[in-house]
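Visitor: The residues making up each chain are set out below.
Protein chains: 2
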Amino acid sequence: MKNRAPNMKYLFEPQSVAVIGASHNEKKIGYKILENIIDSKYPGKIYPVNPKGGEILGLQVYKSLKEINKEIHLVCIAIPVKYTFDAVKDCASCNIKFIILITSGFSEIGNINGERRIVEYANKNGMRILGPNIFGVYSSKAPINLTFGPKDIKPGNIAIITQSGAIGIAMLGKTKAENIGVSSVVSVGNKSDIDEADLLEYLVNDKNAKVILMYIEGIKNGEKLVRMLKNSTKKKPIIVIKSGRSERGAMAAASHTGSLAGADEIFSDIMKQCGVIRAESIQDAFNWCKFLANSPSPKGENTIIITNGGGIGVLATDACEKYGVHLYDDIQTTKEIFTDVVPEFGSTKNPIDLTGQATVADYECALKAALKSKDIHSIICLGCETAVFDAKNLFLIIDKMFSESRPSKPLVFSFFGGIEMENLVNHLKINGIPALSDVYEAVPCFGAMYVNYRNIKYQEDFDNKSEKVEMDNNIINNIIKNVRKDKRLFVLSYEAERIMKAAGIKMPESNLAHNIDEAVMYSEKIGYPVVMKVVSKDIIHKSDIGGVALDIDNRKEVIDAYQAIIYNCRNRKPRAAIEGIEIAEMVQSGTEVIIGARRDELFGPIVMFGLGGVYVEVMKDVSFRALPVGRREAMSMIKEIKTYPILLGVRGEEKKDINAIIDVIIRLGTMIQRYNSISDIEVNPFVVYEEGKGVKAVDVRILLSSVSVGSIK
Amino acid sequence: MKNRAPNMKYLFEPQSVAVIGASHNEKKIGYKILENIIDSKYPGKIYPVNPKGGEILGLQVYKSLKEINKEIHLVCIAIPVKYTFDAVKDCASCNIKFIILITSGFSEIGNINGERRIVEYANKNGMRILGPNIFGVYSSKAPINLTFGPKDIKPGNIAIITQSGAIGIAMLGKTKAENIGVSSVVSVGNKSDIDEADLLEYLVNDKNAKVILMYIEGIKNGEKLVRMLKNSTKKKPIIVIKSGRSERGAMAAASHTGSLAGADEIFSDIMKQCGVIRAESIQDAFNWCKFLANSPSPKGENTIIITNGGGIGVLATDACEKYGVHLYDDIQTTKEIFTDVVPEFGSTKNPIDLTGQATVADYECALKAALKSKDIHSIICLGCETAVFDAKNLFLIIDKMFSESRPSKPLVFSFFGGIEMENLVNHLKINGIPALSDVYEAVPCFGAMYVNYRNIKYQEDFDNKSEKVEMDNNIINNIIKNVRKDKRLFVLSYEAERIMKAAGIKMPESNLAHNIDEAVMYSEKIGYPVVMKVVSKDIIHKSDIGGVALDIDNRKEVIDAYQAIIYNCRNRKPRAAIEGIEIAEMVQSGTEVIIGARRDELFGPIVMFGLGGVYVEVMKDVSFRALPVGRREAMSMIKEIKTYPILLGVRGEEKKDINAIIDVIIRLGTMIQRYNSISDIEVNPFVVYEEGKGVKAVDVRILLSSVSVGSIK
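Chains as they are written, first to last, in the numbering used here: chain A, 1 to 713; chain B, 1 to 713.
If you are wondering where the hints come from, they were derived from the structure by calculation, not from laboratory data. Hints are all accurate, no fakes.
Straight-line distance between alpha carbons at most 25 Å, and here's what the computed BS3-like set of lysine-lysine pairs gives: (1) Lys322(A) <-> Lys620(B); (2) Lys322(A) <-> Lys642(B); (3) Lys639(A) <-> Lys642(B); (4) Lys620(B) <-> Lys655(A); (5) Lys27(A) <-> Lys392(B); (6) Lys272(B) <-> Lys642(A); (7) Lys176(B) <-> Lys429(A); (8) Lys642(B) <-> Lys272(A); (9) Lys28(B) <-> Lys82(B); (10) Lys272(A) <-> Lys639(A); (11) Lys322(A) <-> Lys272(B); (12) Lys620(A) <-> Lys322(B); (13) Lys620(B) <-> Lys639(A); (14) Lys63(B) <-> Lys52(B); (15) Lys392(B) <-> Lys176(A); (16) Lys642(B) <-> Lys642(A); (17) Lys429(B) <-> Lys176(A); (18) Lys299(B) <-> Lys400(B); (19) Lys639(B) <-> Lys642(A); (20) Lys642(A) <-> Lys620(B); (21) Lys655(B) <-> Lys620(A); (22) Lys392(A) <-> Lys151(B); (23) Lys322(A) <-> Lys322(B); (24) Lys429(A) <-> Lys429(B); (25) Lys620(A) <-> Lys620(B); (26) Lys28(A) <-> Lys392(B); (27) Lys642(A) <-> Lys322(B); (28) Lys28(B) <-> Lys392(A); (29) Lys27(B) <-> Lys392(A).
These numbers were taken from a predicted model, which means no experiment stands behind them.
Work out the full structure, taking the sequences as your base and the hints as a guide.
Guide: Structure, rendered in structure tokens:
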């Protein structure tokens with residue numbers, strides 16, 4: 001199918017569209033869509049299709065798609081569910097590229113087969129489906145408003161992708177109310193075929209789209225999405241609202257859409273990895289989109305606050321810390337810049353305090369000084385209502401500043417007080433100048449801006465090309481083959497150990513003893529103390545039945561333990577087939593961590609890292625990343641956990657061997673990517689010693705996937 | 001002074017006021033204040049004072065306070081700082097009760113002595129000072145607008161206390177712009193005398209004040225504040241904005257005001273303990289105040305969401321979880337209530353989904369059903385713009401619902417979309433109906449409401465009368481006396497152990513041996529293994545110099561260790577006076593916690609609890625409470641730490657002896673309250689065993705305060 005997939009361009013810039021289900025009835029969706037296409041001054045060909053024929057809104061109606069007999073880039077289907085498959089078949093016979101399937105009544109109400117049948121048929125015939133269960137597409141480039149939503153959408157530079165139709169239509173209303181322009185709006189609904197990742201392919205190169213906003217309820221192909229997001233955020237900011245964050249919310253989301261809501265911790269970590277800016281509320285997302293679409297990029301992270309009130313300056317400082325905005329604190333330089341413009345009792349230390357006596361002229365001088373200085377990269381300008389605050393003239397000054405030539409640095413304004421201050425904020429907004437009432441609305445815009453700034457600036461650092469990791473593929477493949485032959489999904493511990501060794505991960509030395517003599521021999525070869533464990537595919541929880549003996553110190557203890565283990569197993573699991581007893585090196589204690597790699601249902605191959613024991617169990621102090629992951633990204637996931645200082649050494653302890661942890665993260669990640677049969681690898685505990693003294697994987701659990709998945713490139 | 005302190009009533013309801021510094025110059029503060037008093041239709045006597053005499057705004061000007069020769073309840077001083085002390089002296093000679101000291105130029109710029117001198121003089125003469133460095137007081141009860149801020153303040157039922165003048169004046173502007181009524185607004189500025197706690201004394205009983213909003217930058221007498229807050233939140237909601245939350249913000253705050261910003265963790269825990277609702281932004285605080293001032297109290301915690309869109313319902317569900325709003329989930333009952341009003345494809349499960357086809361009639365039916373049901377206690381009603389959404393008629397329906405008789409249940413509305421939805425929200429607002437644009441604005445109002453609900457409902461449970469705790473006061477006082485005699489501030493470990501035992505806290509058995517024979521004797525009495533530690537006031541870090549020996553198993557080891565310790569100490573600290581060697585029981589390992597009590601600079605006596613070791617050091621996983629603390633509150637602070645599950649038993653371990661921890665928290669709390677000499681007690685580690693198996697305080701550190709503080713009642 002891939003080779004035949006049509007270019008996404010036809011979805012956003014079709015030169016001809018047909019509407020199957022175009023209606024004569026003004027109340028019907030099939031009428032509204034046609035009306036919106038015409039109203040949006042779409043310059044391409046419009047072909048209404050309805051078996052009744054006739055004329056709608058001055059356009060000739062075709063009785064069938066075939067009757068049109070011209071090239072059609074895009075077909076919109078808005079007919080009852082029972083007729084949709086036939087319509088899709090008609091599309092195939094007319095060489096259609098894209099279908100916008102408005103109709104609902106598919107997987108969202110349990111009709112999964114109906115949906116699958118259409119998609120499979122379409123894909124087989126080189127067509128792609130947007131929807132079903134959507135309100136359509138708006139694209140300013142065509143321009144075309146192929147939706148049954150609001151009219152008169154303002155063209156601009158925000159692209160919106162929404163999974164919820166209701167929220168999408170409401171968002172369109174909101175953009176109109178707030179005079180925000182959009183480059184395109186796409187309703188993805190059930191995401192039966194085209195999803196966010198497909199759309200990003202187009203949007204990331206669409207110069208009209210300066211910011212991309214996505215409303216997501218659930219994810220279907222997370223792996224593809226992650227790949228596209230990683231790529232796209234290096235070029236433009238992407239803001240995601242993900243509902244169903246809470247457990248209860250996820251339940252509500254699952255009942256509301258067809259897709260899985262997914263554990264929020266994994267989603268959250270991976271979005272951060274991808275450089276996505278996550279918004280909690282729609283209002284925040286809109287504020288950020290509007291700001292980012294209109295603001296220049298900063299040249300650095302030296303942010304300055306200019307204020308006429310200490311209190312509001314402190315509030316903004318708190319907000320900067322919360323949202324990751326770095327306040328410039330070179331006291332000497334700020335003194336030089338502002339000393340002439342700050343009045344007595346004011347402060348030339350960031351936040352720059354012009355005092356409650358600040359006049360319009362004071363603001364003007366301070367703003368000009370800040371704009372002029374090369375050391376300052378962005379400016380937060382605040383004001384509280386005072387007796388001398390002259391909102392009207394301040395507006396004129398700021399407006400002049402922006403209209404002569406837009407400042408080359410990002411600026412955000414926030415003014416707090418009565419009606420005059422509100423008017424000031426509103427007038428600035430109307431004139432396209434970023435202004436918000438509350439500092440906790442203004443500062444997060446800068447927070448979003450700096451996420452984007454860092455995405456672009458540090459992209460080289462985080463280019464996560466998979467390292468070339470050497471592994472003994474033959475050994476690993478052979479073991480997997482044997483496990484499969486055995487019809488097992490779990491890998492026995494000695495097999496897992498051999499896999500780990502073949503993958504270049506240090507394991508305690510161990511051998512499988514089949515009798516007491518071998519047990520003694522191996523014990524003496526490894527060196528005391530040793531650990532002894534029964535090996536049997538029928539015994540999973542070895543300790544529980546007395547199948548493990550620790551801290552075996554000499555020959556006599558080996559013999560006793562051997563007999564005791566065999567006795568316990570025979571007694572408690574009489575039917576278990578025992579392969580022998582594993583004799584292993586007893587690992588010295590150190591800092592225990594947990595490292596895992598998994599083929600996640602939503603995100604594909606992911607890695608996990610955390611401190612071991614109670615930390616992972618009680619504190620859930622773990623971090624996740626989607627693969628591939630390079631050394632820097634592995635380091636970032638280690639740093640992200642709260643207990644990271646323990647690895648740096650607390651209470652006079654030495655720093656731990658963090659490089660060795662990175663190594664294992666990368667190796668496990670490589671394994672899960674390279675061996676499609678493996679679904680889960682978990683090393684827990686993985687003991688880390690002091691820097692340079694290495695690590696040891698104590699216990700490894702490997703599971704195979706129930707069905708061998710297709711090769712992953 | 002206390003007996004002579006005048007009633008706060010005179011500050012809010014004065015029957016006569018004098019303005020020292022009343023000015024003929026319209027630009028001067030002394031003119032504006034007078035003008036505001038007159039404009040606010042203050043019915044009491046107004047006496048302008050200015051040596052120039054004459055007439056201002058039609059009022060006779062007195063040349064001095066004495067010249068007035070009538071009873072004056074309240075004097076406002078608005079003259080340059082150098083004349084203020086004389087003015088205060090004049091006040092004293094005229095038996096004034098309250099002075100509002102507008103003037104700035106005191107501690108906020110380092111003039112601490114000038115401020116102290118005035119306050120001391122005033123208090124000695126039975127007067128109290130509000131300020132200095134403030135904009136004044138507004139009180140709707142008088143009514144009087146004794147400020148140089150905005151005119152035409154709308155009377156209502158929100159009381160505002162603000163430390164920042166600039167923010168206070170801006171807030172007043174905001175209340176006017178948003179048509180919010182206030183009962184009183186007090187600028188506290190430098191808080192040289194009257195502070196938030198004093199004002200709460202009046203406000204908690206002021207029927208006009210339904211909600212109290214405080215903007216705090218720093219705290220001076222936290223102990224008094226905590227006492228008043230605990231009291232007040234049982235009667236009405238208190239919302240606090242505390243700036244300087246972040247480290248950087250606290251620095252900025254400290255440079256901006258005279259008072260300490262305080263560690264945010266302690267502040268945060270103690271505010272929660274007090275039942276305070278904490279807002280991050282001014283906008284949130286205003287939303288909550290407005291909502292709480294106008295909404296009835298809920299009768300329970302069963303909240304229902306009614307929506308026409310699944311997506312927005314999920315967003316609201318997420319917000320409910322975040323803000324502690326409990327969604328009603330008795331599926332059977334909600335089905336019974338809503339089955340007749342929810343259309344096909346909708347949901348009778350919370351969130352109740354009326355679907356995108358929902359009409360005004362559907363909303364009306366669902367709202368009525370929810371209002372009628374006894375099982376539902378509060379309602380969040382949401383809407384997304386749709387083709388059938390009729391904002392105008394929905395407004396009429398809701399408005400009718402509220403105007404006939406205000407619903408007896410709390411309701412909040414949130415509608416999202418274009419200009420019609422915005423108008424709907426605005427019209428509802430104008431009509432005093434709680435409505436907000438974003439669900440993340442609406443739901444937190446309910447969050448604040450339920451904090452208040454729980455404060456009132458569970459107040460009995462949290463009445464933290466100090467338990468009567470028996471301690472051997474004689475022993476403790478004698479030891480303290482000896483330490484004082486010795487001119488030490490730290491208590492030696494064997495003294496600390498004796499104090500702990502006298503306070504009823506279990507310590508490992510121990511004795512002080514003065515020679516080898518005694519060491520052996522005590523070791524055998526206690527039973528092996530034992531621990532040996534040098535006792536010397538000159539050696540603090542015993543382990544570092546080899547002054548400690550662990551795990552001593554027999555007579556021979558006792559003798560060796562004794563000699564080794566003495567040798568090490570003589571060698572490394574030749575001048576140290578050695579009292580002997582402590583022989584102590586070796587404590588069995590268990591779960592280590594840390595329990596402390598301290599006289600905090602800001603909050604007075606507080607207790608602290610956390611899991612020991614790395615948890616407290618790396619994770620800062622601790623909780624704080626201001627004293628007194630009862631058993632339930634102690635339990636709540638134990639539950640609050642993230643590692644609490646460890647105390648409940650993880651990995652098959654038994655539950656730990658939590659009651660014994662509570663006991664120790666209460667005993668340490670009692671000690672810090674009872675013995676004024678003690679400034680710090682810290683038990684770390686404190687070993688906790690399984691339930692019923694007790695606890696043991698392993699290491700105790702007690703410090704005395706450098707100056708014996710006054711008795712605490």
